[in-house]
Amino acid sequence: MQKRIIVLKKGVEKKDGPDTFCCFGAFIPLTG
Amino acid sequence: MKLSCYSKLFTSQESADSVIAYSTQNAAAALIPSELIPDINKGNLSPEEQEILTDLGILVSSREEEKIKMQNFINELNDLNRSVKFIIVLNMDCNLSCKYCFEGKRKGRFYLSEETADKFINFISRSDLTGKESIKIVFYGGEPLLSLERIVSISGRIGAFTHSRGLKYGFTLVTNGTLLTSPVVKRLKEIGLQSAKITLDGPKDIHDLYRPFKSGTGSFDTIIRNIKEACNTTTIHLGGNYTQENFREFPRLLDDLAANGLTPDKIPFLKFDPVVNESNEFAPADFHDGCESSNEPWISDAAVFLREEILRRGYRTQKIVPMSCFAEFKDNIVVNYDGTLYKCPGLIGREQFCVGDLERGQTDYRVSHGLDVWKNKECLECAYLPLCFGGCKYMKAIRDGNMSSVICQKEYYDGTLAKLVSQDIQYDL
Chain A
0 MQKRIIVLKK GVEKKDGPDT FCCFGAFIPL TG
Chain B
0 MKLSCYSKLF TSQESADSVI AYSTQNAAAA LIPSELIPDI NKGNLSPEEQ EILTDLGILV
60 SSREEEKIKM QNFINELNDL NRSVKFIIVL NMDCNLSCKY CFEGKRKGRF YLSEETADKF
120 INFISRSDLT GKESIKIVFY GGEPLLSLER IVSISGRIGA FTHSRGLKYG FTLVTNGTLL
180 TSPVVKRLKE IGLQSAKITL DGPKDIHDLY RPFKSGTGSF DTIIRNIKEA CNTTTIHLGG
240 NYTQENFREF PRLLDDLAAN GLTPDKIPFL KFDPVVNESN EFAPADFHDG CESSNEPWIS
300 DAAVFLREEI LRRGYRTQKI VPMSCFAEFK DNIVVNYDGT LYKCPGLIGR EQFCVGDLER
360 GQTDYRVSHG LDVWKNKECL ECAYLPLCFG GCKYMKAIRD GNMSSVICQK EYYDGTLAKL
420 VSQDIQYDL
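The listed protein sequences correspond, in order, to chains A and B. Residue numbers for the first sequence follow numbering that gives the first Met the number 0, so the first one is 0 and each next one is one higher. Residue numbers for the second sequence follow numbering that gives the first Met the number 0, so the first one is 0 and each next one is one higher.
Worth flagging that the hints you see were computed from the coordinates, not collected in a lab. Careful: at least some of the hints might be erroneous.
Listed below are the simulated DSSO-like cross-link pairs for lysine-lysine, each with C-alpha atoms no more than 27 angstroms apart in a straight line [stated by the list, open to error]:
1. B:227 with B:270
2. A:9 with B:418
3. A:9 with B:41
Covered stretches of chain B, as calculated for chain A (at least 3 residues, CB under 8 angstroms) [claimed, not checked]:
4. 24–37
5. 42–52
Negatives, chain B to chain A, calculated, CB over 12 angstroms [claimed, not checked]:
6. 129
7. 351
8. 354
9. 359
10. 423
Ideal Cβ positions, reconstructed from N, Cα and C, are used throughout, including at glycine.
Pulled out of the complex, with its shape left as it was, chain A reads as follows (with noise of 0.2 angstroms):
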């Protein structure tokens, strides 16, 4: 069994703002 807790993933920083265009209802990333 496993006992420790395991980081899958860091989190992300805020960005300098979006930078993606976005589609309808898809949206913009807010960090990367």
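Based on these hints, arrange chain B on the given structure of chain A.
Chain B in isolation, oriented as in the chain A frame:
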């Protein structure tokens, strides 16, 4: 320490005696032994375990404090934003006749004039660019490459302006790809082209049905030919619009791409989205097969299915991170061909959502665009808030004619997030 309001616990598919903890605030994820979950709730974790989960944003000292902090999340991003971004609608014309086009009845031979281009340059030169490092432009239409000379003219002038101010400049295109020939790409590359987003609506038989030339002949082969050349010179992002009836056929497009040599090393980003039904005011007369809401069950099925098909072939797609509407950012502006300003390309031509023009500047749109509608108890206590921030304002506007409340995406995320996060982990997005 408490579990953050903005975290979710999912059953792990890989490890039956563990759960995946995921932070919607920062996309961090951890695999936690199930036996530790009661200890999290009771605050009985070891200092080391607490530190790991606190660093990931999965544990917080106070839920009340994090809710207060969350209300400032978008403001902080606005303050951090070092670029000004314009989406310029160069025309409302097109050489294709897509059966679902959201611009529908707004289409026509309407072009951004040289006079409006002058006003745009003046608008930029009058703007407060304190603290800004770059100006980014998305050339949009209609079909932006029907205004090629206008792109060259505007880009040249902005390039000179930004150079004189020590700012960076670059632009992207949202194009149907039919006119993106090799000489055009080379010419645009020299004046700041960074990437082009091209749409393919499935394999050839489906694409040609949905995105024919005005003559009625298919556009698939022309677009593929152009992409094969263009991807050697600039970055090509591929999009595609699906319906409930055809999304299961889209994997055939992915196979077609590979067969044409358009492998993941050539196409660095690929994402499919559902067609949204426009309001009767503008919608094409004979098309009703789009979605009305992201909460329709088939949208969840399609999102997970298509993402898996993309990822398992080695292509990259959008990872699950905090997301919001383009309109939330004061330095994001859509310039319509007539010089009026909007906050989303889907809203152009809807006077009630016009936020100014190139001469007057941008007006205060905070209330008309419902920027604070998610700052209520229910949203602030919803784990999905950082992925939603009140939902798509365009969908709210076409459904209700206003943006005065949220368009909740809870059902969509209830149905998809565990699977989407598992994909992100499995494919290391």
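Checked hints:
Simply put, residue 227 (chain B) and residue 270 (chain B) have alpha-carbon atoms about 18 angstroms apart, close enough for the 27 angstroms limit, and the pair holds. Our distance criterion of 27 angstroms between C-alpha atoms is met by residue 9 (chain A) and residue 418 (chain B), whose separation comes to about 18 angstroms. Pair hint residue 9 (chain A) plus residue 41 (chain B) holds up; C-alpha atoms about 25 angstroms apart against a cutoff of 27 angstroms. Beta-carbon proximity to chain A at under 8 angstroms applies to 11 residues in the segment 24–37 of chain B; the threshold of 3 is reached and the given coverage holds.
Figure legend: the segment 42–52 of chain B, annotated as covered by chain A; annotation consistent (3 residues with Cβ-Cβ distances under 8 angstroms, at least 3 required). Separation of residue 129 (chain B) from chain A is adequate, the least Cβ-Cβ distance of about 15 angstroms exceeding the 12 angstroms criterion. Listed as outside the interface, residue 351 (chain B) is consistent with that label: its C-beta sits roughly 18 angstroms from the nearest C-beta of chain A, beyond the 12 angstroms cut-off. With a minimum CB-CB distance of about 17 angstroms to chain A, residue 354 (chain B) clears the 12 angstroms threshold, and the non-interface call stands.
Listed as outside the interface, residue 359 (chain B) is consistent with that label: its C-beta sits roughly 24 angstroms from the nearest C-beta of chain A, beyond the 12 angstroms cut-off. At roughly 7 angstroms, the least C-beta separation between residue 423 (chain B) and chain A is not larger than 12 angstroms, which violates its mark as non-interface.
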